[in-house]
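Protein chains in written order, with our numbering: chain A, 1 to 268; chain B, 1 to 421.
Read the hints as simulated data drawn from the structure, not as lab findings.
Owing to the predicted nature of the structure, the values given are computational and were not obtained by experimental measurement.
Do not take every clue at face value.
Chain B is nowhere near these chain A residues, computed Cβ spacing over 10 Å in every case [as the list claims (entries may be wrong)]:
#1 Met69
#2 His98
#3 Asn111
#4 Pro112
#5 Asp152
#6 Asp261
Dumping the calculated DSBU-like pairs for lysine-lysine here, alpha-carbon to alpha-carbon at most 35 Å [claimed, not checked]:
#7 B:Lys97 x B:Lys6
#8 B:Lys97 x A:Lys109
#9 A:Lys33 x B:Lys49
#10 A:Lys24 x B:Lys234
#11 B:Lys49 x A:Lys115
#12 B:Lys49 x B:Lys97
#13 B:Lys146 x B:Lys156
#14 A:Lys115 x B:Lys97
Pairwise CB distance ranges (calculated) [to be verified]:
#15 A:Thr264 x B:Tyr227: 49 to 55 Å
#16 B:Tyr227 x A:Glu205: 57 to 63 Å
#17 B:Leu321 x A:Ala201: 37 to 43 Å
Note that the Cβ used here is the ideal one computed from N, Cα and C, for glycine as well.
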Amino acid sequence: MENNHSEITEKKSLGQQDTKIHSKNISVHYASKQALFNVNLEIRKNEVTALIGPSGCGKSTFLRCINRMNDLIENCSVEGSLTLDGNEINNPDLDVVHLRRMVGMVFQKPNPFPKSIFDNVAYGPRIHGLASNRQELHQIVEQSLTKAGLFDEVKDRLEDSGTGLSGGQQQRLCIARAIAVNPEVILMDEPASALDPIATARIEELIEELRQNYTIIIVTHSMQQAARVSQRTGFFHMGELVEVDDTETIFVNPSDPRTQDYITGRFG
Amino acid sequence: MTKSEKIIKKRYAAETRFRIYGKIAVGIGILTVCFLLYTVFSAGYSAFKSTSVAVDLDLDPNLMRLETSVTSDNIAKADMLNLLRRNLIKIYPEIRKRRERKDLFLMFSSVAPQEIRHWVQKNLESIGTKQRFWLTASSSLDQIYKGNAPRDIEEKSRLLSDLQLNLLDQWNSEGKIRSNFNWYFFRNGDSRSAEIAGIGGAVMGSLLSLLVCFFLSFPIGIATAVYLEEFAPKNRWTEWIEVNINNLAAVPSIIFGLLGLAILLNFFGMPRGTPLVGGTVLSLMTLPTIIIACRSSLKAVPPSIREGAFAMGATPVQVVLHHVLPLAMPGTFTGTIIGLSQALGETAPLLMIGMFAFVVDIPTSPVEPSSSIPVQIYLWAESAERGFVEKTAAAIMAILVFLILMNSLAVYLRNRFERRW
C-alpha cells in the first residue's frame with residue numbers, strides 16, 4: 001500500500017486515503033509533437049477525480065494512458081511511470097487485456113456494439129470467462145444493468161439492439177457494459193457531453209452511486225459538472241498539470257493564476 | 001436588358017442545354033439496351049418451343065428384333081428405330097425409292113427411337129397394340145415450321161426437299177404437327193442434333209466452376225483483407241502488396257488462362273477441361289475483387305466500435321472477429337457477388353484450359369470435363385447449322401437472366417444492410 005506524500009505540483013490535503021493510481025513524470029509524444037509534459041498526479045481510491053481544462057490541453061490523452069489505449073495510436077510514445085496499486089502500467093510486458101478489465105472506459109459518444117442489449121453487457125464477462133454457466137451470466141448482466149440504472153427500462157427487451165436506445169440510455173448501457181467485468185477503476189471521457197440536461201443529471205447521479213464501489217476519473221469540459229460530482233479536481237493547460245487539489249479549493253481558492261483565469265472564464 | 005440580365009439568361013440557357021444533353025445520353029443508353037434485348041429475344045424465343053409430329057405406331061414385338069419376348073430387362077436392346085421405319089413404310093407405301101424413303105425417315109429427330117422406348121418401358125402392356133406417338137421432329141423440319149428457315153427458295157438451298165415439304169404441309173393440315181415446350185433445352189447437354197441440344201451440361205459446368213471459385217477465393221480473400229487492414233505493419237512491403245493487388249484486378253483474363261495452362265495443367269497435371277481447374281483459374285481473377293471490397297468495408301467500420309471493444313479488454317483478433325468483420329460482411333458479400341458474376345461470363349481463360357470440348361454428358365462432379373455457358377454460346381455461334389442460331393440466342397438469354405439475378409441479389413443485400421450501426 002502506497003502512501004505517497006504530495007509532489008511539488010500538488011497541494012497537501014486533509015485526510016489521506018489509499019492511492020489507487022500514481023502518475024510520475026508522464027510525458028506523451030505524438031510523433032514529434034509533445035502533448036503531455038511531466039504530469040505528476042495521484043488518484044485516490046473510491047473518489048471521483050475530475051480533470052478539467054480547455055480543449056486540446058491533454059486531459060483525454062492522460063486518461064487514455066491509464067488503460068493503455070494510446071497503444072492503438074500510431075507514433076504515440078509514453079514516458080514516465082504510471083502505477084495501478086503499485087504495478088507499473090507502462091511495463092511493455094504487462095498483460096494489457098487484464099489491465100483493460102481492471103480499468104474500464106466510457107467514451108464521449110456512446111458506442112454500444114451493434115448487438116442486443118444483453119450481448120452488449122455480456123460481452124466482457126464472456127471473453128474474460130467470468131460466468132461459468134448461463135444463469136450466472138444472466139445474473140451478471142442483470143446486476144450490471146441495475147447498477148447502471150437501466151434495468152427497469154430494458155428488462156422486457158433485452159434482445160433488442162443496443163443501438164436502438166436513446167442517447168442517455170446508450171451511455172448508461174456503455175456504463176453497464178464497463179462495470180459488468182467488475183473493474184476497479186472507471187475512466188469517463190466527457191460522458192455526458194453528447195446528452196441532454198436530464199440525461200446528464202441521471203449520469204451524474206449514477207457517478208455518485210458508483211463511487212462507493214469504484215474509483216472514477218472523469219474528464220469534463222463543464223466546470224459545473226466537475227464541481228457537482230468530484231471530490232478532487234486537476235486543471236490541465238497546454239499539456240501541463242497546472243494544479244490539483246480538493247474540488248472546493250480549486251473552485252473557491254486556487255493557487256495558480258492560470259487556474260483562476262480559467263475558472264472565472266477568462267479563457268476556455 | 002442590362003448586362004446582368006443578359007448573363008443570367010445565358011446561364012439558364014446553358015443549364016437547360018446541359019439537362020437536355022443528359023436526357024439524350026440516358027435515352028441513347030436505354031435505346032441501345034432495348035435494341036440488344038429485342039434482338040436477342042426475338043432470335044431466341046423460338047428455341048423454347050419444340051416441334052413434334054404425330055405418328056400412329058403398331059407396336060409389333062417382331063419389329064423390335066429381340067430373341068425373346070419383351071420385358072423391362074431387355075427393352076433397352078429393342079430396336080425401336082427399326083420399328084419406326086417399318087411403320088412409316090407401311091403408312092406410306094407409295095414412297096418406294098431409297099432416296100425418298102430416306103427423306104421420310106429424316107423428318108424425325110435422332111432421339112425419336114429413344115422417345116418410343118421411354119414410353120413403352122413404362123407401358124409394357126401396350127405391346128402389340130397401336131398407339132399414337134408425338135415424336136420430336138428433325139431440326140430441318142423444326143426450323144422451317146417455326147419460320148426461321150426460308151421455304152420459298154429453290155430445293156438445293158432449302159433445308160427440306162420438295163417431298164419433305166409436301167409431307168410437312170400434309171401433316172400440318174391433318175393436325176399432326178404441334179409445338180410444345182422444349183424441355184430438352186434445359187435437360188440435355190450439347191448435341192450434334194440441334195433440336196435436342198441443351199444447356200444443361202453448360203449450366204452444371206458453370207455452376208461447379210463458380211462453386212470451386214467461391215470456396216477458394218472467399219476465405220483466402222477475406223483472410224488477406226483482414227490481415228492487410230488490421231494486423232499488417234505499415235511499411236514498404238505492405239504498400240507494394242497493395243499496389244500489386246490493385247493491379248491484379250485489371251489483368252486481362254486470358255493471362256490467367258495461360259497461367260492455368262502452364263502451371264495447373266502442365267506442371268501439376270490436374271485434369272484438363274474440368275470445373276476444378278476452371279474454378280481455380282476463375283478464383284485467381286475474383287480474388288483481387290473480393291480483397292478490395294472487403295478492405296474498403298473494413299475501413300468503413302467506425303473506429304469507435306474498435307475502441308469500445310479494445311477498452312473491454314478484447315484481444316486484437318477478438319476485436320476483428322467479434323466486431324469488425326461482422327459489420328464488414330454486407331459490403332464484402334456485395335463485392336463477392338459482383339466478382340462471381342464477372343467470373344460467370346468469362347470465356348477466354350476457360351478456353352485456354354480446355355473447357356471447350358464437345359461434352360454431351362451432364363457433369364456431376366468438379367473433376368469431370370465440362371464446358372460453361374459462355375463457351376457453349378461460342379461453340380453454338382460457330383456452328384453452321386441453322387438450328388443452332390436460336391439456341392445461341394436462347395443461351396444468351398439464359399446467361400443474362402443469371403447475371404440479372406446475381407446483381408439484383410447484390411443490390412438487395414447492399415440496401416438491406418446499409419446502416420446498421
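**Request:** Please flag the earlier hints that this structure goes against, numbers listed from lowest up.
**Result:** Of the numbered hints, 1, 2, 3, 4, 7, 8, 9, 11, 14 and 16 do not hold.
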